[in-house]
Amino acid sequence: MIKTKPIARARITTHTEEDLKTFFTNYQENLDCYGIHHARYIYNMDESVVRIGCPTGEIIVVPTEVKELYTASPENQKSLMIIEAICADGTPPPPPVIICPGEKIMESWIHENLTGAEVITISPTGYDNENIALA
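This note's numbering puts the last residue of the sequence shown at 1013; the count rises by one with no breaks.
None of these hints come from the bench; they were simulated from the model. Among the hints, a few may not be true.
[Said to hold, decoys possible] Estimated spans, in silico, between C-beta atoms of each pair:
hint : residue 1 : residue 2 : range
1    : E925      : E895      : 24 to 30 Å
2    : S957      : L898      : 26 to 32 Å
3    : K982      : N922      : 29 to 35 Å
Given the structure is predicted, the values throughout are model-derived calculations rather than measurements. Glycine included, C-beta positions come from ideal geometry on N, C-alpha and C.
Take the sequences, apply the hints, and build the full model.
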């Protein structure tokens, strides 16, 4: 048995050790250039697209000669974007930003388990843009 995986998984192997060394060398040079010497000024931001109603990998039985199996991603799926950030010194992070596609937020979208600290907004595409990024 093998586990199916999205095609995007194959892209992870494109980074080499040399790429990572170059990145961190450039990173340190920029910290020095801009005088950033304290962890409280360093944030890491990440955005993730969450696909709604798209199943994760499944366990399937295949012939022994099959080593990998890819499944097609549904084209008409709904998704939303979540932006989160952390501070390098461990201070509490800013609240996550949830971006939904559309023109207005429907009350039925808001789950009862949310804490209230989240920022929920919309964009026509469901992705961040210059207005959301600078808010």
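Hints broken by the structure, by number, lowest first?
none
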